[in-house]
Amino acid sequence: MALEKITEVRGRGVHVAGNEIDTDRIIPARFMKCVTFDGLGEYLFYDVRKHEDGTDKDHPLNDARFSGASVLLSGENFGCGSSREHAPQALYRYGFRGIIAESYAEIFFGNCTTLGIPCFCATKEDIQTIAAAIEADPSIGIALDVANERIRFGDQSVTAVVRETARKALCDGKWDMIGELADGKDEIASVASKLDYMSR
Amino acid sequence: MSKSLFEKVWDAHAVKTLSNGQTQLLIGTHLIHEVTSPQAFGMLRDLGLKVAYPNRTFATVDHIVPTDQRQEPFADPLADAMIRELRKNCEETGVTFFDLPSGKQGIVHVVGPEQGITQPGTTIACGDSHTSTHGAFGAIAFGIGTTQIRDLLATQTMALAKLKVRRINVNGELRPGVYAKDVILHIIRTLGVKGGTGFAYEYGGSVFDNFTMEERMTVCNMSIEGGARAGYVNPDEKTFEYLKGRPYSPSGDYWDAAVETWKSFASDPDCSYDDVVEFDAADIAPTVTWGINPEQAIAVTENVPTVDGAADEDKELVAEALEYMKLPAGEPIAGTKVDVCFIGSCTNGRLSDFEEAAKYLEGHKVADGVKAIAVPGSQVVDAICREKGLHTVFEEAGFEWRGAGCSMCLAMNPDKLVGDQLSASSSNRNFKGRQGSPTGRTVLMSPVMVAAAAIRGEIADAREVFGVGELANA
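Protein sequence lines, in the order shown, are assigned to chains F and R.
Residue numbers for the first sequence follow this note's numbering, so the first one is 1 and each next one is one higher.
Residue numbers for the second sequence follow this note's numbering, so the first one is 1001 and each next one is one higher.
Check before you lean on any hint, since a few could be wrong.
Using C-beta positions, here's what the derived DEER-type ranges look like [as the list claims (entries may be wrong)]:
(1) Lys1016(R) <-> Gly41(F): 34 to 44 Å
(2) Lys1326(R) <-> Asn62(F): 17 to 27 Å
(3) Gly18(F) <-> Asp1283(R): 45 to 55 Å
(4) Thr36(F) <-> Trp1255(R): 18 to 28 Å
(5) Lys1326(R) <-> Gly179(F): 25 to 35 Å
I should point out that these hints are in silico values taken from the structure, not numbers from a laboratory.
Glycine included, each C-beta is placed from N, C-alpha and C at the ideal position.
Work out the full structure: start from the sequences and follow the hints.
Structural data, given as structure tokens:
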């Protein structure tokens, strides 16, 4: 299964400020009553984006200036909470192709990588600088350079980290592991055969 | 060389190193439920792949199951479609399904242990972050996403980077009226919600030695709330005693051999850890959350924090939490009016949780205007509670006794908060909107503290309400 080598993601940005933005915030549980991920993008950040009557709240994703943004900026421990892949799926289906945050929750980070969404870790100061540049000119292009761990925006650039296993997987086009995992069929059977509980 | 349990289990299940540097890890036991698995079965079909080890995947239905009107079809057509989809997927692939009519249905993290599927020295994964619960048995258990569920169905393995291990010792004696829930809330309050990132937590010390299996499960369950992807307790005689005679436990001649194998996985006494943290049991009080993540917790005797009193880096989040929770900064949290009281969930929905709460509820009545529900974690827990007459104690006190499921923990079924109702809850997350209303408020606490809140109609110190422990003796 040939996958795209994700060495760079380009797009416009939007800053959803805040720390500890959890997966219930990203996609409220009531929208997970579904048997496919189709259409989840519509419910991204629903409760912070919409009033209970369905009208828009004041939220960056409702701001026309940032419409079409594909790079999301946020704060610390982004994606904490539930393991629901519905969260990165909703981000992807809404149109996000890369994330910049101070840090990520583990399961969320892994889920994003598996979908080919690079998650960059940057300092609070650098995120604020990028956010300020976007605020000043929402049309500014952001380039997430996965291969070289740089973020370029306008005529500026900062260093940002993509965890090595994820960086390698994205750049090598091996972010979806199914092919490589399935190749090890005999080795799997051999390990399983040494574990009594597997056969009882 | 001495090794921790984590390293031993990891090494026994490692298949190979993958091209990205991660390990291909065999997951011996895969648990699935209706919310995060249907898409995985869909992906499998799209790729033309089969379930490789159907005898090592076990399914149940928990998140969307109504706890009152349980006959099918469910009133909610989406929920109904989800249970039918899971049933179909299990039938087609040969996966064992603890379905509603089985008498064994329940929350996946209650069902696994009580069926004896959860065993020491094994690897377990489930598309649910609270899979860390199973670590109570000395298993290494991971919450995973749906694409990884697909990987597991297709290969029984997944790609994972090795975690570091932090040993958390809690020594000394817990004070009366302090429960396992208070221990984990205290640990998270101290180490933070992201303190465990990159770590598995190994819990130990005299408090854990003395804990029952159900208490160990409560603590391991919330490891993920502290950022740790897995949490475990080394297996001991209590573990083996719990497992003996359960449906999927080893039996007959194989039992003794299994116990020997299980013992061999326990951390070597002189093994080294990446980090060690010590807690004194005497420092732990009945604990409640006041904010919008489980780190924002205080002793029930403390005041709600103020923005001014918070560290600079926390000010923003404290302000956000105070605004959302509508609690009076600087004032005692005890006395805060509650609207809903919920005892249940994969954290605190087991037999001992209901036994302990029932012990104190007898002879009391739920305060006027409070909706109180008790939701057993599984049909097995429900049946035992009924046999012991516990459900009557709850009902006579004014609780509704419901059928097994996730219920009000996460709002995927009819049990939800309305408007900005405040809920005293024995569950595990107090995120904004978690219990089903975008403005609903959650205060996490132990089941006995929920019972106290239900009786008083406000957040209250159970030791005082029920005369538990030192306050009663003062």
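Hint numbers the structure violates, sorted upward?
3, 4, 5
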